[in-house]
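Peer 1: Sequence:
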Amino acid sequence: MLKQKELIANVKNLTESDERITACMMYGSFTKGEGDQYSDIEFYIFLKDSITSNFDSSNWLFDVAPYLMLYKNEYGTEVVIFDNLIRGEFHFLSEKDMNIIPSFKDSGYIPDTKAMLIYDETGQLENYWFCCKVLNLLSNKVE
0 MLKQKELIAN VKNLTESDER ITACMMYGSF TKGEGDQYSD IEFYIFLKDS ITSNFDSSNW
60 LFDVAPYLML YKNEYGTEVV IFDNLIRGEF HFLSEKDMNI IPSFKDSGYI PDTKAMLIYD
120 ETGQLENYWF CCKVLNLLSN KVE
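Quick note on numbering: numbering that gives the first Met the number 0 labels position 129 of the sequence shown as 128, and the sequence is numbered without any gaps.
These are computed hints drawn from the structure, not numbers from a lab.
Careful: at least some of the hints might be erroneous.
As the list claims (entries may be wrong) - Derived DSS-like pairs: lysine-lysine, alpha-carbon spacing no greater than 27 angstroms straight-line:
id : residue 1 : residue 2
1  : K2        : K95
2  : K113      : K11
3  : K71       : K11
4  : K31       : K4
5  : K95       : K47
6  : K71       : K4
7  : K31       : K11
8  : K11       : K47
9  : K31       : K71
10 : K95       : K113
11 : K31       : K113
What the hints assert, rightly or not - Taking CB as the label site, the calculated pair distances span:
id : residue 1 : residue 2 : range
12 : E73       : G122      : 31 to 37 angstroms
13 : N12       : Q123      : 32 to 38 angstroms
14 : G75       : R19       : 18 to 24 angstroms
15 : F61       : S38       : 29 to 35 angstroms
16 : T121      : Y37       : 32 to 38 angstroms
17 : Y70       : D111      : 17 to 23 angstroms
18 : K2        : N72       : 18 to 24 angstroms
19 : F61       : G122      : 26 to 32 angstroms
20 : N98       : N53       : 30 to 36 angstroms
21 : N72       : M0        : 25 to 31 angstroms
22 : E5        : E73       : 17 to 23 angstroms
23 : N58       : P101      : 28 to 34 angstroms
Just so you know, these numbers come straight off a predicted model, no measurement behind them.
C-beta atoms are modelled at their ideal positions from N, C-alpha and C, and glycine is treated no differently.
Sequences and hints are given; from them, build the entire structure.
Peer 2: As structure tokens, this is what we get:
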């Protein structure tokens, strides 16, 4: 099994068991069926509004797997290098910021949402992705 798949499974298990998390989605090569031994892993993790400011992402990420380095890049994304040398990008946002999802339609590519949705406690994340797909279809018909 690829090291990345083990990390993805760890993220899935943690998001499902952590009451502070309402939703998690993955993006990147593994959602497109293109992930390989050289791929990194990328996630958006949505936290309950009431705990967002108190959430310690560094401890949470260490629960995913021990890491060698953790830093925020110029976009505010937490970038981690796990001790197995796999790189990960983690966006920790408040659940109220889930409305960012429809803006992803501008990327031009919307992968299979089943591959992207890791955990969705309320169904809200899936609803945003459905809206995103509809908007993408409509914009393609207008052009």
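Peer 1: Work down the list of hints and note, for each, if the structure agrees.
Peer 2: Verification of the hints:
no. : hint                             : in the structure
1   : K2 <-> K95                       : violated (32 angstroms)
2   : K113 <-> K11                     : holds (13 angstroms)
3   : K71 <-> K11                      : holds (22 angstroms)
4   : K31 <-> K4                       : holds (14 angstroms)
5   : K95 <-> K47                      : holds (8 angstroms)
6   : K71 <-> K4                       : holds (23 angstroms)
7   : K31 <-> K11                      : holds (18 angstroms)
8   : K11 <-> K47                      : holds (17 angstroms)
9   : K31 <-> K71                      : holds (25 angstroms)
10  : K95 <-> K113                     : holds (22 angstroms)
11  : K31 <-> K113                     : holds (11 angstroms)
12  : E73 <-> G122: 31 to 37 angstroms : holds (33 angstroms)
13  : N12 <-> Q123: 32 to 38 angstroms : violated (21 angstroms)
14  : G75 <-> R19: 18 to 24 angstroms  : holds (19 angstroms)
15  : F61 <-> S38: 29 to 35 angstroms  : violated (22 angstroms)
16  : T121 <-> Y37: 32 to 38 angstroms : holds (35 angstroms)
17  : Y70 <-> D111: 17 to 23 angstroms : violated (31 angstroms)
18  : K2 <-> N72: 18 to 24 angstroms   : holds (22 angstroms)
19  : F61 <-> G122: 26 to 32 angstroms : holds (30 angstroms)
20  : N98 <-> N53: 30 to 36 angstroms  : violated (22 angstroms)
21  : N72 <-> M0: 25 to 31 angstroms   : holds (28 angstroms)
22  : E5 <-> E73: 17 to 23 angstroms   : violated (29 angstroms)
23  : N58 <-> P101: 28 to 34 angstroms : holds (31 angstroms)
In terms of the numbered hints stated before, the structure departs from hints 1, 13, 15, 17, 20, 22, listed from lowest to highest.
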